[in-house]
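Peer 1: Sequence:
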Amino acid sequence: HNGCPPPPPPPPPLQDREIIVPTSTNPLPTLTEEETNMIGSFETGKPPVPGFMKDAPKFFGNFTTKYSIPSSKCNSAKASASASISSNEKFVSTDDVITAHVWKALCRVRCRQLEVDEGDSSVTTTLQRACNFRKRTLPPTPDAFPGNMVASIPNTLPIADLLSKSITEVALILRSNLAAMTALKVSAVHAHHAKLQSLGKKPFAIFPSAFAFLNSSWRCSWENAVFEGIAPSVFDQGCHVPIVTVFVNRPKKDGVDVYFTGTEDGCAHFNETLERSLTEIE
Numbered sequence: 001h002n003g004c005p006p007p008p009p010p011p012p013p014l015q016d017r018e019i020i021v022p023t024s025t026n027p028l029p030t031l032t033e034e035e036t037n038m039i040g041s042f043e044t045g046k047p048p049v050p051g052f053m054k055d056a057p058k059f060f061g062n063f064t065t066k067y068s069i070p071s072s073k074c075n076s077a078k079a080s081a082s083a084s085i086s087s088n089e090k091f092v093s094t095d096d097v098i099t100a101h102v103w104k105a106l107c108r109v110r111c112r113q114l115e116v117d118e119g120d121s122s123v124t125t126t127l128q129r130a131c132n133f134r135k136r137t138l139p140p141t142p143d144a145f146p147g148n149m150v151a152s153i154p155n156t157l158p159i160a161d162l163l164s165k166s167i168t169e170v171a172l173i174l175r176s177n178l179a180a181m182t183a184l185k186v187s188a189v190h191a192h193h194a195k196l197q198s199l200g201k202k203p204f205a206i207f208p209s210a211f212a213f214l215n216s217s218w219r220c221s222w223e224n225a226v227f228e229g230i231a232p233s234v235f236d237q238g239c240h241v242p243i244v245t246v247f248v249n250r251p252k253k254d255g256v257d258v259y260f261t262g263t264e265d266g267c268a269h270f271n272e273t274l275e276r277s278l279t280e281i282e
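Quick note on my numbering: the sequence shown kicks off at 1 and runs consecutively.
All the pointers check out, no bait thrown in.
With a straight-line cut-off of 30 Å between C-alpha atoms, the simulated BS3-like cross-links for lysine-lysine are:
{"#": "1", "residue 1": "K202", "residue 2": "K54"}
{"#": "2", "residue 1": "K253", "residue 2": "K66"}
{"#": "3", "residue 1": "K66", "residue 2": "K252"}
{"#": "4", "residue 1": "K90", "residue 2": "K73"}
{"#": "5", "residue 1": "K165", "residue 2": "K185"}
Keep in mind the hints are simulated off the structure, nothing from the lab.
Can you make the complete structure from the sequences, with help from the hints?
Peer 2: Put into structure tokens, the structure is as follows:
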């Protein structure tokens, strides 16, 4: 029992979907080809088979690993990446830096699994990075709105470019693409989805190859979820999918745990690659 007072009651839920409809009179930006290419649609029946399924037997598995990165190592990684950023460049966050390490590790694992040369510039990799849009709408979405309000931001590079770039360079790309997701861009994505739905189509995220990944952050303050005066001692997640990595806050917000799923060898290789990448900065 931690002696904490009970949390205040949540506000009554808002069910009005119109609150997320764009209200700006400014013209909406045009989505890039990369952005529209990552939003598929289908009319009836089952969605099309993802492009990565033809290679699925090589990397699908029932093993899940959790790689722990304490705050001290997170801070070292950010400091190392930030050291080479000139004063006129934008900053990179800790999440940008750790995501850069993870993306490169994912590609190295997949290259070995599919026997693809790491210097192959003809193969592209895409990282769909989950983003919470609540604070990116105008006006900000009320806390009482029960919708998910999370979508992904695509980041695409040839694997040779990704693996040859420094962590700083990759983190700056991730930061730039995240910063480009302005309130107007959120409205443009919403309008694109609404147009597809008006045509009787269902939008969905496309994963065209085995080098397409989704990085999801479950960075909620889970230790604040007090149940009858008792705080949880651990938080786990169930998104165990071979194309997904998940970030979860470690206890007392001491860094982050990174979940990866796949074959036993793939999990071991992911841990080894991520460990080597993060150790090189020390």
